[in-house]
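Protein chains in written order, with the numbering used here: chain A, 12 to 426; chain B, 1143 to 1430.
Calculated directly from the structure, the hints in this document are not laboratory data. Do not rely on the hints blindly, as some may be mistaken.
To be verified - Label-pair ranges, simulated between beta-carbon atoms:
#1 G1242/B to E209/A: 46 to 54 Å
#2 T103/A to L1266/B: 42 to 50 Å
#3 L1266/B to K180/A: 32 to 40 Å
#4 L1417/B to D219/A: 36 to 44 Å
#5 M211/A to W1203/B: 44 to 52 Å
#6 A361/A to V1220/B: 57 to 65 Å
#7 V1288/B to D75/A: 56 to 64 Å
All residues carry an ideal CB built from backbone N, CA and C; glycine is no exception.
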Amino acid sequence: MILTRRNALKTAIYATGATLAAPAIMRHAALGADPIKIAGIHDASGGLDTYGAPMIACLNYAVDELNAGGGLLGREVMLKNYDPQSNIQLYTQFATEAATKDKVAVVHGGITSASREAIRPILKKFNTLYFYNTQYEGGVCDRNEFSTGSTPAQNVNKLVPYVLKNWGKKVYVIAADYNYGQITSKWIAKYTREGGGEVMATEFFPLDVTNFGPLISKIQAAKPDAVISALVGGAHVSFYRQWAAAGMKKQIPLASTTFGGGNESIVLSPEEGDGIVSAFSYFQEVDTAENKAFLEGFHKKLGDKAPYLGAELAMRTYIGVQLWAEGVKRAKSIDRMEVIKALESGVSLATPAGKTTLDAKTHHTTVDVFLASCSNHGFKVLETFPQQPPSDTASVCDLIAHPNENKQYIVDIKL
Amino acid sequence: MDYAAVVALQILSGVATLVIVSLGLAVVFGMMRVINLAHGEFLMLGGYTAVLAYGRGVNLWIALLILPPVVVGIVGVVVERLLIRRLYGRMVDTMLATWGLSLALIGGVTMLFGNSVTGVSAPLGSFIIGRFHVSVYDLFLMLAAVVLSVAVWAVLKFTPAGLLARGTMQNAEMASALGVAPDRVYAVTFAAGAALSGLAGGLIAPISGVVPTMGTAYIAKAFITVITGGAAMLTGTLTASGLLGTVLTSFTFLTTPVFGEVALLIVAIVLLRLLPRGITGRFLRRAL
Chain A
12 MILTRRNALK
22 TAIYATGATL
32 AAPAIMRHAA
42 LGADPIKIAG
52 IHDASGGLDT
62 YGAPMIACLN
72 YAVDELNAGG
82 GLLGREVMLK
92 NYDPQSNIQL
102 YTQFATEAAT
112 KDKVAVVHGG
122 ITSASREAIR
132 PILKKFNTLY
142 FYNTQYEGGV
152 CDRNEFSTGS
162 TPAQNVNKLV
172 PYVLKNWGKK
182 VYVIAADYNY
192 GQITSKWIAK
202 YTREGGGEVM
212 ATEFFPLDVT
222 NFGPLISKIQ
232 AAKPDAVISA
242 LVGGAHVSFY
252 RQWAAAGMKK
262 QIPLASTTFG
272 GGNESIVLSP
282 EEGDGIVSAF
292 SYFQEVDTAE
302 NKAFLEGFHK
312 KLGDKAPYLG
322 AELAMRTYIG
332 VQLWAEGVKR
342 AKSIDRMEVI
352 KALESGVSLA
362 TPAGKTTLDA
372 KTHHTTVDVF
382 LASCSNHGFK
392 VLETFPQQPP
402 SDTASVCDLI
412 AHPNENKQYI
422 VDIKL
Chain B
1143 MDYAAVVALQ
1153 ILSGVATLVI
1163 VSLGLAVVFG
1173 MMRVINLAHG
1183 EFLMLGGYTA
1193 VLAYGRGVNL
1203 WIALLILPPV
1213 VVGIVGVVVE
1223 RLLIRRLYGR
1233 MVDTMLATWG
1243 LSLALIGGVT
1253 MLFGNSVTGV
1263 SAPLGSFIIG
1273 RFHVSVYDLF
1283 LMLAAVVLSV
1293 AVWAVLKFTP
1303 AGLLARGTMQ
1313 NAEMASALGV
1323 APDRVYAVTF
1333 AAGAALSGLA
1343 GGLIAPISGV
1353 VPTMGTAYIA
1363 KAFITVITGG
1373 AAMLTGTLTA
1383 SGLLGTVLTS
1393 FTFLTTPVFG
1403 EVALLIVAIV
1413 LLRLLPRGIT
1423 GRFLRRAL
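Bound-form chain B, shown alone (with noise of 0.2 Å):
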């Protein structure tokens, strides 16, 4: 009884993961069609500025929350302005310069930090299931996963800024007609979508090791949870992340983490074949 509820618990923290890692690319993605390839360096970043401020003795939860969201959603404006606005609409020429950006950024760091792994520990402790031990942070992760979800909802559906978002996101050149200018729709968009990103990082310092390196690890977990999902951002997020949280922590207590990554893919590759613009492609398509 204990065991089935500790396997439930990891299965939701491995969902929740997975939702909290791949929302900020869905934003871009969702509203922009903008594939950034930089998103998991935009987390490595979030998690550099959790354990640096930590470092220099900001307090833990500044340092986790609220520092690498500001941090990120700066360097989101920057990269914007530069590199982004300039390839609209052209997404084979976005990949490219994202992909280079996210070359330049992990030798970036590199340089600066070195190469070797860095963290925070993880606060709050543990509680007692039973026969089981569980970290505390593993639910705060579910309530963040749970909070943010709701935050993007709420903004989208309930802010003048969201609705010009989903007005730009629907039709563009209508939205321009109409008096909204996409370029600055786009830019705080992916502004916000990069603080989301350093939020991230910020959030999984402290239960993964922080290296230049750490995106490669999650970046691509996230790219197959927002394709996956498909076009409705955030219930294709939600969903998706749902599915293959549970696919990928199920057959890794079934079996190794090498297998849970392939039921991953293989569940992944076979919804694609039959739902090839992702599950809200079908699906609760009038969705957010």
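The following block holds chain A by itself, in its conformation from the complex (with noise of 0.2 Å):
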């Protein structure tokens, strides 16, 4: 271009022109710029709002902390919250409709392992990447999904050690008669073996059973040194009632792979709960600097509202919505497998439940794990173990080699 006097002129009036209205423009093109959608699916009613309540406060937290920090590569979050009332066949029609009517970036949700395999295939087959954040049994091998929970590599791997090293070698099991309980038992039995210890029974109890009378005489006349109970849900609190009412509570100790994930510790009296010990990936009663600080702008944003979170079901998913924009942040991109590819890469972060790695191989998480017992409605940590690797999904899945593998592995744990 010659630089004549009347080109100078144009160009400074396009330049003064453009400067004044970049802000314009800019504000216009934020604006204009679709809000990321999310979906979450947990029970806000039924038999599993326990902890289902919980759960919806941190995935809420989690999604106003990143809109306060600007939103996700410049976008607003917008998070659709599902209320499937524990009830299985709403859980696949609201996947289902997160996927393919809201088009959502991902779906955070599940609580039993049964509303996590309806949705999970549903997800798999509308391209929709899927964070379950729950404590589980393990084996989920599936490249669309992330878990972010514990699995029992990681806590009954703890709890059973302690069992036998405190208490003595001779367990009884108790567990609910479904696929987490039939599972975890196994691992149960697993882990005792392997500390020189003897399973001398394992029952199982469908989930409506409220009369535990005939069970608590049968331990007492089998004599165990500990009784581990991986007992789930409201009808199954009444045994931990009637345990502590014929006096059991001073002659056998309890332990609980499940005790804690709901409102067991709020419901029952110090006299029924306290001494119970489990393990867990969080508890409330974690002392960091970072659950502290957590836990001081959770409860300045809910006040009175704000729910007891237990053990880890509530921070997991906390956490879950932390890696997925972590993800989001280093793809650039929200798209599913690019997403993918960046949480594959080796996330790590900094959590209140102490540091938390994605394992590429599993999509499993590396996390600390904490020994607690129950004590005057909260829990009080004995034990921290850094580190733990979801070692019993590594034996089985590997989605690098595999990634198109899409099953649960019933980890094979031989009797």
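Reconstruct the complex from the two isolated chains, following the hints.
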């Protein structure tokens, strides 16, 4: 371009105009960009709402925190919460709706293993990224899903040695009668045997059983050194009641893979609950600076409505959102495959529950595990096991070698 | 030896629980031929009354034994006025209406108090038989079952109200012709049945979790007991509870709770095949 006075003037005018217009154009671009839609599917009502309510509170809090920090990729994150009312049919319906109608970037949700296995295939089919944030029995191998909760190699593997070392070698196992309890009781047997202990008996109870009188007499007749419970849900809480009422609290100690995941510690009186030991990848009482800061913010925002977070389910939901957000930031995109690849590149976050690292091979997490004892409606952390890998799932699942894998392995335990 | 004693105790406690949860239903069904599908929810309301009252500082025994029957008895009066009264003699319609009522009660309580488990701790502590610790509250439940049965029997046998009730039960038209108002008898009977259900809810609150859906865990067993018992409501309920409770608890001991319930159902089915009108349809017919 030949520099003439006229041209120079023109350029200057355009430049000034552009400069003046820029903020307006950019603001317009920001407004015009669609928000990033994500979905949460958790039971806010029905029998599982004691688990669901704190999970939803943490999910909302995580999304609010993202938006307060300017959103993701300059876009607002818009969360839609579905309530499947503890009904598996609604889970499948809402997963389909979130994937096809809302076209969300990611779904966080599912509480029981049954609900996860209902929506996992649907989200896989519709190419919608899925985060399952609950402690569970392990073994899911699916590149479209990330499991952020702990599994038996992380929690049962800490609980059982504690029992064998402190209480004795003979254990009596009682578990809920569905896939979680069945599989978890096998893990308990495996670790008990490896620790030189003996499982005297394993008994399963359907979720609606409330009379544990005969069981309590049977346990007394067997005289184990300890009882390990994988009981689940509201009806089973009456076991702990009847156990205490029979005066057994002082006779035989109790450990549990599930106690504290719901509101057990709140519902039971200290006389009934205190001293029951469980292991999870988070307890609200975990004493770290990160956790203190988190709880302060959480309580400031929710006030009196802040639920007791108990063991890991709610916290893992918060961390699940953070992990997904980290993937989006690294991928600079919300495209499913880009985010998966970014998350597989080795993401590690400092969280209120300690360092959480995503394992690319299994899509599970390496976490700190805490052993805690129920105390006055809350928990007292007894021991911390830093950075436990998901070795159970890792023994069967390798998504780098077999990216198209899509199943839940029932880890073969030699009994 | 001590093991046998503990097993016997558990069997008795199983029988007592069946008597307690069935009695209210038996009174309503036996006297009025009304199948109250909301019976389980009456239990649940009794349980909630006990838990809420105790949580507000009411004395535990008043919360367990006095308030639940009073509150649920009042609920029974209202339900009888608004619903049951309009459907006498229409068994299927009553079943539908009370089923709807049961759903409404579950929904209402869920809305008011949420769907989480509550409860009270069992009082009275434990005692020792040989190597075993047993909850004293189990013994208390047995005592309660006996006292309730005797009370129902005494009321029916020795009071003027019991006489009217028995008369109306035998032949409502004749009673009416003799100047008894069957409507009023039915209303009182339904309220009494509801009160018994409420008391049962209070009694079982310390041993089971109290949730809006807790009724479903008990209603099936209560029904099977009442139907297996047959026409004579008190004798029928007691014999059926004795039989089914023994089967349930023994099989639970020998195998698992699942097979215990299966055994209970099989025994009930076989019995009803052999005695379609229940145990008291064949034996002890003239009993109460």
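Comparing the hints with the structure gives:
no.: 1; hint: G1242/B to E209/A: 46 to 54 Å; in the structure: holds (53 Å)
no.: 2; hint: T103/A to L1266/B: 42 to 50 Å; in the structure: holds (48 Å)
no.: 3; hint: L1266/B to K180/A: 32 to 40 Å; in the structure: holds (34 Å)
no.: 4; hint: L1417/B to D219/A: 36 to 44 Å; in the structure: violated (29 Å)
no.: 5; hint: M211/A to W1203/B: 44 to 52 Å; in the structure: violated (39 Å)
no.: 6; hint: A361/A to V1220/B: 57 to 65 Å; in the structure: holds (59 Å)
no.: 7; hint: V1288/B to D75/A: 56 to 64 Å; in the structure: holds (59 Å)
Consistency with the previously given hints fails for numbers 4 and 5, ordered from lowest to highest.
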